[in-house]
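Student: Let chain A serve as the given structure and place chains B and C on it in line with the hints.
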Amino acid sequence: MQYAKPKTVAEAARLLKDEAGVTRILAGGTDVLVQMKAGMVEPALVVDIKGLPGIREIVAEAGGYRIGACVAGAELGEHAGLKALWPGVVEGAELIGSTQVQGRCTQAGNLCNASPAADSVPALVAAGAVARVIGPDGVRDVAVSDVPVGPGKTSLKKGEFIASIFVPARPDRASDAYLRFIPRTEMDIAVASAAVSLELDGVGMVTAARVALGAVAPTVRLVEAAGAALVGTRLDEAALDALSAACSAACAPIDDKRGTIEFRTHIAGVLAKRAARIAYTRAGGQA
Amino acid sequence: MSNIHVTTSINGDPVEFVCAPDEPLLDVLRNRLGLTGVKEGCGTGDCGACSVLVDGRLVCSCLVLGVEAEGAEISTVEGMAEAETLHPLQQAFIDHAALQCGVCTPGILVAAKALLAKNPDPTDEEVRFWLAGNLCRCTGYDKIVRAVQDAAAQMRSA
Amino acid sequence: MALDSNGKRVFKVVGTRPARPDGVDKVTGRALYGADVSAPGMLVGRILRSPHAHARIVSIDTSAAEAMQGVKAVITSRDFAVVEDASTRDVQVNCMADGKALYDGHAVAAVAATSAAVAKAALKAIKVIYEVLPHVTDVDAAMKAGSPVVQASRAVENVPKGFSENVTHHCEFGHGDVAAGFAKADKIVSRSFKTAATHQGYIEPHACLASMTSDGKADLWCCTQGQFNVRSLCASIMGMEASQLRVTASEIGGGFGGKTTVFIEPVALALSKKAGRPVKVVMTRDEVFKATGPTVSTSIDVKIGMTKDGRITAAEAHMRYSGGAFPCGTVDMGAMAGFAAYDLPAVRTYGWNALTNRPKEAAYRAPGAPQAIYAVESVVDELCQVLKLDPLDVRLLNAARKGTQSSYGPVFDDIGLVATLEAAKAHPHYHAPLGAGQARGLSCGFWFNFGGNTCVSLNVNTDGTVGVTEGNPDIGGSRASISLMAAEELGIPYDRIRTIIADTASLGHNDVTDGSRVTFSVGLATIKAAQDAIRKMCGRAAKIWGIDEEAVEWIDGAAVPAGPNAGKFPPMSLAEIAAVSFQTGGPIAGHHEFNADGAGVSFGVHLVDLEVDKETGATKILRYTVFQDAGKAVHPAYVEGQMQGGAVQGIGWALNEEYIYGADGRLQNAGFLDYRVPVASDLPMIDTVILEIPNPGHPYGVRGVGETPIVPPLAAISNGVSRATGVRMSELPMSPPRVLKAIMARG
Numbered sequence: 006m007q008y009a010k011p012k013t014v015a016e017a018a019r020l021l022k023d024e025a026g027v028t029r030i031l032a033g034g035t036d037v038l039v040q041m042k043a044g045m046v047e048p049a050l051v052v053d054i055k056g057l058p059g060i061r062e063i064v065a066e067a068g069g070y071r072i073g074a075c076v077a078g079a080e081l082g083e084h085a086g087l088k089a090l091w092p093g094v095v096e097g098a099e100l101i102g103s104t105q106v107q108g109r110c111t112q113a114g115n116l117c118n119a120s121p122a123a124d125s126v127p128a129l130v131a132a133g134a135v136a137r138v139i140g141p142d143g144v145r146d147v148a149v150s151d152v153p154v155g156p157g158k159t160s161l162k163k164g165e166f167i168a169s170i171f172v173p174a175r176p177d178r179a180s181d182a183y184l185r186f187i188p189r190t191e192m193d194i195a196v197a198s199a200a201v202s203l204e205l206d207g208v209g210m211v212t213a214a215r216v217a218l219g220a221v222a223p224t225v226r227l228v229e230a231a232g233a234a235l236v237g238t239r240l241d242e243a244a245l246d247a248l249s250a251a252c253s254a255a256c257a258p259i260d261d262k263r264g265t266i267e268f269r270t271h272i273a274g275v276l277a278k279r280a281a282r283i284a285y286t287r288a289g290g291q292a
Numbered sequence: 017m018s019n020i021h022v023t024t025s026i027n028g029d030p031v032e033f034v035c036a037p038d039e040p041l042l043d044v045l046r047n048r049l050g051l052t053g054v055k056e057g058c059g060t061g062d063c064g065a066c067s068v069l070v071d072g073r074l075v076c077s078c079l080v081l082g083v084e085a086e087g088a089e090i091s092t093v094e095g096m097a098e099a100e101t102l103h104p105l106q107q108a109f110i111d112h113a114a115l116q117c118g119v120c121t122p123g124i125l126v127a128a129k130a131l132l133a134k135n136p137d138p139t140d141e142e143v144r145f146w147l148a149g150n151l152c153r154c155t156g157y158d159k160i161v162r163a164v165q166d167a168a169a170q171m172r173s174a
Numbered sequence: 023m024a025l026d027s028n029g030k031r032v033f034k035v036v037g038t039r040p041a042r043p044d045g046v047d048k049v050t051g052r053a054l055y056g057a058d059v060s061a062p063g064m065l066v067g068r069i070l071r072s073p074h075a076h077a078r079i080v081s082i083d084t085s086a087a088e089a090m091q092g093v094k095a096v097i098t099s100r101d102f103a104v105v106e107d108a109s110t111r112d113v114q115v116n117c118m119a120d121g122k123a124l125y126d127g128h129a130v131a132a133v134a135a136t137s138a139a140v141a142k143a144a145l146k147a148i149k150v151i152y153e154v155l156p157h158v159t160d161v162d163a164a165m166k167a168g169s170p171v172v173q174a175s176r177a178v179e180n181v182p183k184g185f186s187e188n189v190t191h192h193c194e195f196g197h198g199d200v201a202a203g204f205a206k207a208d209k210i211v212s213r214s215f216k217t218a219a220t221h222q223g224y225i226e227p228h229a230c231l232a233s234m235t236s237d238g239k240a241d242l243w244c245c246t247q248g249q250f251n252v253r254s255l256c257a258s259i260m261g262m263e264a265s266q267l268r269v270t271a272s273e274i275g276g277g278f279g280g281k282t283t284v285f286i287e288p289v290a291l292a293l294s295k296k297a298g299r300p301v302k303v304v305m306t307r308d309e310v311f312k313a314t315g316p317t318v319s320t321s322i323d324v325k326i327g328m329t330k331d332g333r334i335t336a337a338e339a340h341m342r343y344s345g346g347a348f349p350c351g352t353v354d355m356g357a358m359a360g361f362a363a364y365d366l367p368a369v370r371t372y373g374w375n376a377l378t379n380r381p382k383e384a385a386y387r388a389p390g391a392p393q394a395i396y397a398v399e400s401v402v403d404e405l406c407q408v409l410k411l412d413p414l415d416v417r418l419l420n421a422a423r424k425g426t427q428s429s430y431g432p433v434f435d436d437i438g439l440v441a442t443l444e445a446a447k448a449h450p451h452y453h454a455p456l457g458a459g460q461a462r463g464l465s466c467g468f469w470f471n472f473g474g475n476t477c478v479s480l481n482v483n484t485d486g487t488v489g490v491t492e493g494n495p496d497i498g499g500s501r502a503s504i505s506l507m508a509a510e511e512l513g514i515p516y517d518r519i520r521t522i523i524a525d526t527a528s529l530g531h532n533d534v535t536d537g538s539r540v541t542f543s544v545g546l547a548t549i550k551a552a553q554d555a556i557r558k559m560c561g562r563a564a565k566i567w568g569i570d571e572e573a574v575e576w577i578d579g580a581a582v583p584a585g586p587n588a589g590k591f592p593p594m595s596l597a598e599i600a601a602v603s604f605q606t607g608g609p610i611a612g613h614h615e616f617n618a619d620g621a622g623v624s625f626g627v628h629l630v631d632l633e634v635d636k637e638t639g640a641t642k643i644l645r646y647t648v649f650q651d652a653g654k655a656v657h658p659a660y661v662e663g664q665m666q667g668g669a670v671q672g673i674g675w676a677l678n679e680e681y682i683y684g685a686d687g688r689l690q691n692a693g694f695l696d697y698r699v700p701v702a703s704d705l706p707m708i709d710t711v712i713l714e715i716p717n718p719g720h721p722y723g724v725r726g727v728g729e730t731p732i733v734p735p736l737a738a739i740s741n742g743v744s745r746a747t748g749v750r751m752s753e754l755p756m757s758p759p760r761v762l763k764a765i766m767a768r769g
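Chains as they are written, first to last, in this note's numbering: chain A, 6 to 292; chain B, 17 to 174; chain C, 23 to 769.
Worth flagging that the hints you see were computed from the coordinates, not collected in a lab.
On a predicted model such as this, the values are computed, not experimentally measured, just so you know.
The reader is advised that the hints may include incorrect statements.
[To be verified] Below, a list of computed lysine-lysine pairs in the DSBU-like style, where the Cα atoms sit at most 30 Å apart:
(1) A:K42 to C:K122
(2) B:K134 to C:K642
(3) A:K158 to C:K142
(4) A:K262 to C:K142
(5) C:K166 to A:K262
(6) A:K262 to C:K146
(7) C:K447 to A:K262
(8) A:K42 to C:K146
(9) A:K42 to C:K142
(10) A:K262 to C:K34
(11) A:K42 to C:K149
Next up, chain A with everything else stripped away, as it sits in the complex:
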């Protein structure tokens, strides 16, 4: 295995393109190193992108924030502005792993690992976040929801990597929330998860809603019917039941060591309801 720590994005892209064998990007390393240890991947080249300019910064942009690909989960939690604007996005990222993992793990890495259970992804999808991808052919912006295409698989082409993730501006009276279910209180992979992003009008009516589910399908799933169930409501019980039903209907999970199909399908609806209530309250709605 070769290790490289390029100083420019062009150099990083070139290194990745020129390597004929398996390559891996090293940001936080909390997935890649585990996979290397288990022998699941034996890269010929690991490119450490932490030396790239701006890659560890969160910068305000167009009313939103651009989050560098190497910003660790703990650093997101320490950023007051981002946390105020997109609390659900931040809580999703902060739920990845332990305090120790938080010192290293990144949203971009979580996204590129392409686990359907990735904690930081549902809230990014609900937020309509956009990934900036750098590759041999230059720069392109891709919706976060379009990055994972299946368990462990992304739409990134050879030589491409994510340099940053952009979360947009929000109107007043808007917020989001993310909840996951795990058997313990920490240290588990999500058995099912839900992110809800809401915008309200002056009287607490939901004007826009996006709902994304994790760990209930091969990729994180944006459930448009679930969002639609909330629009035009003040999050009354009927709306929440409709949300829950739409979420459960959108589930196509698997049975595995972490949960059953039946359990995941049920829980996804429960979590979406609970997350919606939190997002609503955060947005200033009176439940």
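Tutor: Here is chains B and C on its own, set in the frame of chain A:
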């Protein structure tokens, strides 16, 4: 696969080593530098026994490559005591019987020290969630939480 | 011996809470565990493991691995001695498969190489051809005729015909007329239970360093609960004489029973022998889960009859345990312990062991008892619910006490169950109001406690300090408790004593650190070794004073003339006698060796308050209190530590821990990510109440305390969850999907 030369700082001392490009920092600390106070319980970031600070940030050294230590400042349990004087956390762990087998203790001490640097007056719940990544199979955590709180109180009044 | 007003012995240092002697080493990272030592020229040993649950090994071709640069030895089962003794041979075959791989992760070959990278590559170069065989991992399936047979012809004589050949073991305990007892019952509850296999989950993986030389001598450094057992097993497996193998126990990073046998030690020795260099073998965490530990998995039927006022009239249980791919007698412990808390007119337990394609069971804290008592205490709780009786009152009404004929035969002497139950009943926890959706569960627990072979040396140094040499690895603070007992007996301060754990060449045999035997047995041997030294010191004083030895007694750490007729001499302290020992006959030492008897049984009661999220099936533990009879708590803080640690292991077992096998018979969760031991944020404080009902078999009244606390949590939590949800739970763990399914089935 030739080894890479790394210049770093460990517990305040300048250190140089060579390591394989895919070698975890944990293996470097234990096998190349003799810092066997850093423990390996899983090698996959699930137990926290190998916790160290890298540039002030708490991490599992099994999830960091040795080469990433270049130019960094690393702190391990071996750097907690000052000569003969134990760190208040170390003394509190002995006084409160917060360790039994002791193999998780170095990682928990490093993690607890990082917590108190960030939050000198944590609630029990904050201590428990901060330390959730440090598995202890002997104590049931009760005496660990008490020891951390006692050390925190001592450090606040110091 | 000073007595208090109640005639109880008054202790000077026993019962205090001094710092443990291993504390500073452990908090500074200096303590040396199994993987922390190295030797010049050391090689890295790694083990190749079967990916199949059950397979015939057609061939193993090691030639490519042997030819690799840096590979210094490759071994298979051919490299071990032929062992006659069946149980030792099982250990050997578990360390290295012979002809058949019996479970996912079973070792089939091993290499020693100059680096971990070369060793890893060499494992890949070994070509094993397997013929995959049908497998069985479920105990009930394994017992049925027609099941895939894990090992043929291993059944003991008393196993009836008609079962699968997997059934290797049968036992039966009890007394009284069970049928007549059930006829007297107002209510009978019968229920079947299942418990998953769990792992001890020690944080330190198994590790050892072996160095064997061409003259047949060997040194082995390893993390173990019993260096003498490691020596005898390894010597047999390697065909060595015990005297030629010295085993040194490292600091141990948790064991809980799982480090009472060998897994990698014979492999490291065989590699070292073949390579002619020291070899270190350290297991990875997935190897620990796949190839060491776990407990038995069980399937248990319990039937109990009760009168409407709460008197148990008869009880019966059928217990089917599987200890994995090798014969296992752990069901004996379950069948004996199941009803131990009750004074029963009629009781019968039947036990069975069946082979499955799972790793060989290793002891885990009160092996066999938690599962059996979980099933029994669940049915008792259900009867209390049905008959609307207070669960503590019912247990008090039926509690075993002094003179009770136990369900497994012996008549109990002084035991602490009633006192423990009464303490629980009087405790504020039992009367605290519960919130909406919350419930309280309780359960009794029991463990036998062991004595066993023990040998201690106590050396009096010329500066008035004392060294105690014992042979049992310290897994729970025993060096402190042994020093406390030596200090008590000798009448000198705790910090004048240093207790160390000897290697196998430095002391006579000591049984493994298991069965909660160490504070009792080693403590007793230490007291007797101290008395031996005291006799000698009294003799030295007598010599100095010119009086008879019998005219000298030992009071408060000094020799004194026994009464006015003995003569008038000022007391001569241990330090004063030690200082002149070279002039009065030479060094002074005390010894004691024996096969300790008289370990008193230990009972506990746990109370838990919990709530269940009815939309997710998740259980939150809100409050937890442990009540336990410790006999005499030598170091109360460390006794509390045992009670808290055991309780939390039991909480993990009740809620989330389990071995999960796929349809292919492979272990699905061989890591701490999905083998879910409790983390700090899962738990409340674990309150403890120590009862002290002296064990008549120990001069200080000591009972073992380490194992009983893992027993009650299983049923206490199951009873709480059953009451919170309104559904009687009957399978462990009560993981959220399982609990939610039960809630939804109830409707």
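Student: Hint by hint, note whether the structure agrees.
Tutor: Going through the hints against the structure:
Restraint check for A:K42 and C:K122: the C-alpha separation of about 28 Å stays at or below 30 Å, so the hint holds. Under the criterion of a C-alpha separation no larger than 30 Å, the hint pairing B:K134 with C:K642 is consistent with the structure, at around 28 Å. Under the criterion of a C-alpha separation no larger than 30 Å, the hint pairing A:K158 with C:K142 is consistent with the structure, at around 27 Å. Restraint check: the Cα-Cα separation between A:K262 and C:K142 comes to about 28 Å, which is no more than 30 Å; the hinted pair holds.
Distance check on the hinted pair: C:K166 and A:K262 sit about 26 Å apart at the alpha-carbon level, within 30 Å; holds. Restraint check: the Cα-Cα separation between A:K262 and C:K146 comes to about 28 Å, which is no more than 30 Å; the hinted pair holds. Simply put, C:K447 and A:K262 have alpha-carbon atoms about 40 Å apart, too far for the 30 Å limit, and the pair is violated. With a CA separation close to 15 Å, the supplied pair A:K42 and C:K146 stays within the 30 Å bound.
Our distance criterion of 30 Å between C-alpha atoms is met by A:K42 and C:K142, whose separation comes to about 11 Å. Proposed proximity of A:K262 and C:K34 is contradicted: the alpha carbons are some 54 Å apart, above 30 Å. For the suggested pair A:K42 and C:K149, the alpha carbons sit about 22 Å apart, so the restraint of at most 30 Å is met.
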